[in-house]
Amino acid sequence: MGYIRATDLRVQFAVYGIASRSLKKSLLRAATGGALATDAAAVVVKALDGVSFEIREGERIGLQGHNGSGKTTLLRILAGAYEPVSGTVDIRGSVVSMLSITLGMDPDATGYENIFLRGAIMGMSRKETEAIVDDVIAFAGIGDYIYLPLRTYSSGMSMRLAFAISTVVSADIILMDEWLNVGDAEFAAKVQQRLNQLLGSAKIVVLASHDDALLKQHCTRIIRLDHGRIVSDAPVAR
Amino acid sequence: MMRPAMADIPAPAAPRPSAWTLALRDVRDGVLNVRVWQMLAWYEIRQRYKRSVLGPFWLTISMGALVAAMGPLYGRLFNQDVSAYFPYLAIGFIVWQLISSLLVEAGQVFIVAQPYIHQVRMPFTVHVLRMIWRNVIVFLHNLVIVLVVLWWFPPKDPWLALTALPGLLLVLLNAVWIGLLLGVLCARFRDIPPIITSLVQLAFFLTPVLWHKEMLGGIQWAADLNPLYHLIELVRAPLLGQALPPHSWPAVLLMTALGFAVTLPFFARYRGRIAYWV
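Just so you know, the sequences run in chain order A and B.
If you read the first sequence in the numbering used here, its first letter stands for residue 1, the second for the next number, and so on.
If you read the second sequence in the numbering used here, its first letter stands for residue 1001, the second for the next number, and so on.
Please keep in mind that the hints were generated in silico from the structure rather than gathered at the bench.
Don't take each hint at face value.
Some chain B residues well away from chain A (every beta-carbon gap over 12 angstroms; in silico) [claimed, not checked]:
hint : residue
1    : Q1119
2    : V1126
3    : G1217
Here are some chain B residues the structure puts well away from chain A; computed CB gaps all over 10 angstroms [what the hints assert, rightly or not]:
hint : residue
4    : Q1047
5    : L1054
6    : A1065
7    : H1118
8    : V1136
9    : D1191
10   : H1212
11   : I1219
12   : H1247
13   : R1269
Covered stretches of chain A (in silico footprint by chain B; criterion: 3 or more residues with CB under 8 angstroms from a CB of chain B, positions within the stretch not fixed) [what the hints assert, rightly or not]:
hint : region
14   : 91 to 100
15   : 105 to 111
16   : 121 to 129
17   : 200 to 206
Backbone N, C-alpha and C fix where the C-beta goes; we use that ideal spot for every residue, glycine too.
Put together the whole structure using the sequences plus the hints.
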């Protein structure tokens, strides 16, 4: 089962840190009714401003837009990390988020331990991880390095491992922020094959990118975002 | 591609669960995610001490040295009998260390978990439990000192010492609501963590750790009003083979109930904002 419906999603960030995330300012504001705390109106960024869409099984969605258009915020909402300020999102099916494939990896733990660590963060039990561990090691192709700490790896090697772990489980819904390009030319071919296979078995794929050609190649429908609003939503002409 | 027929449209989603349901579910799922918070806590400790031969036992050694130096010194300053004062100080200090780091780190739980909070769906409670578990691991290392002290100065009633365990569990239970409450507050107001740090430093001198409550003479009620005193006593008194002050269990139970009664509505109200604040 794969289905997503978003209704009138709104997300506003109050940008603190300039001055207003301090207790002093809040107390001043409370005590003076805002008369003294001049930055009372913190800069509010409308990351998403009334976004609605429906995604059905089989669709490959490309999210397109400039930096700051709301792509990443929308992906984070779909991943369940952010809760919209208003509006609803209804997601049916298991979701795998590939927004950050290295999240939680520990440089001092061995590659082998990192498979379990990363697996736990992705919500896999010990048994489930044990079942995939050989597959991951074989795919990453880093040989005996798997028993050495991650910090001894080249950046290419740790990316290969991260990719191998993150793509080993299939899911109904797959979220990606930019197309993953990992490793040297030889490994890149393996990566593309694995990605195509993974995306092929998923019921819904949401891929954010600002590369128009890439989205047209992989997606069946492109949603364009600008300043947190959907400016166009159309199927890709084949 | 073919659009599915209208008949395939899933039924409308159930109404969005209330903030209360989501908050309680967060706590429940957080607790059930034992493997994740234990693993993250354990790797965090390991990362800190990787490549050192003694690892976390460095904490034990520095704590041992501290206690060994301060015990005789303060015993003399306060004119105390060392055989009674030394275990009092050693155990009290180790329990204080646990409570104070729980308090100080409570404010940081969500701030340091920012990468997780931004990328994956994970109950917020996991980050609180991870912090608590890390401190439990450190405490277990320090427990070696407690065992040495107890072996050197055996308690009168070894069986009574076992009742320190429920006391410890109650301390940790309180750390859950404190972590949720301060974690949210500190994610929003970044001035609070330094305030907590200085208050905890101050509290060390105001709480009977270095000194006995009896030394207060006529104003012993001042210690009785200090919730930190009761938290420490819950673990310290049984290990010393002493009876608990009569108010300690009721005081801590009341604090636990009030703490959760305040924290849960607060957490329910602001849980959805945490991701935007960190």
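Outcome of the hint check:
1. For Q1119/B, the shortest C-beta to C-beta distance to chain A comes to about 5 angstroms, within the 12 angstroms cut-off, and the non-interface label is violated.
2. Listed as outside the interface, V1126/B is inconsistent with that label: its C-beta sits roughly 10 angstroms from the nearest C-beta of chain A, within the 12 angstroms cut-off.
3. A cut-off of 12 angstroms between C-beta atoms confirms that G1217/B is not in contact with chain A; the least separation is 37 angstroms.
4. With a least beta-carbon separation of about 5 angstroms from chain A, Q1047/B fails to lie farther than 10 angstroms from that chain, contradicting its non-interface assignment.
5. Non-interface call for L1054/B relative to chain A: holds, since the shortest CB-CB distance, roughly 16 angstroms, exceeds 10 angstroms.
6. Against chain A, the non-interface label of A1065/B holds: every CB pair exceeds 10 angstroms, the least being about 27 angstroms.
7. For H1118/B, the shortest C-beta to C-beta distance to chain A comes to about 6 angstroms, within the 10 angstroms cut-off, and the non-interface label is violated.
8. At the 10 angstroms boundary, the C-beta of V1136/B stays outside the reach of chain A, the nearest C-beta of that chain being 19 angstroms off.
9. At roughly 4 angstroms, the least C-beta separation between D1191/B and chain A is not larger than 10 angstroms, which violates its mark as non-interface.
10. Its beta-carbon lying about 36 angstroms from the closest one in chain A, H1212/B satisfies the requirement of being farther than 10 angstroms from that chain.
11. Once the 10 angstroms rule is applied to beta carbons, I1219/B is consistent with being away from chain A; the minimum gap is 32 angstroms.
12. The claim that H1247/B lies off the interface holds: its Cβ sits roughly 33 angstroms from the closest Cβ of chain A, which is beyond the 10 angstroms cut-off.
13. At the 10 angstroms boundary, the C-beta of R1269/B stays outside the reach of chain A, the nearest C-beta of that chain being 12 angstroms off.
14. Remark: the region 91 to 100 of chain A is confirmed as covered by chain B, as 5 of its residues place a Cβ nearer than 8 angstroms to a Cβ of that chain, reaching the required three.
15. Only when three residues or more bring their CB closer than 8 angstroms to a CB of chain B does the claim for the region 105 to 111 of chain A stand; here the count is 4, and the claim holds.
16. Judged by the Cβ-Cβ criterion of 8 angstroms, the region 121 to 129 of chain A is covered by chain B as claimed, because 4 of its residues qualify and three suffice.
17. With a cut-off of 8 angstroms between beta carbons, the region 200 to 206 of chain A has 0 residues touching chain B; three or more are needed, and the interface restraint is violated.
The structure is inconsistent with the numbered hints 1, 2, 4, 7, 9 and 17, although it conforms to all the rest.
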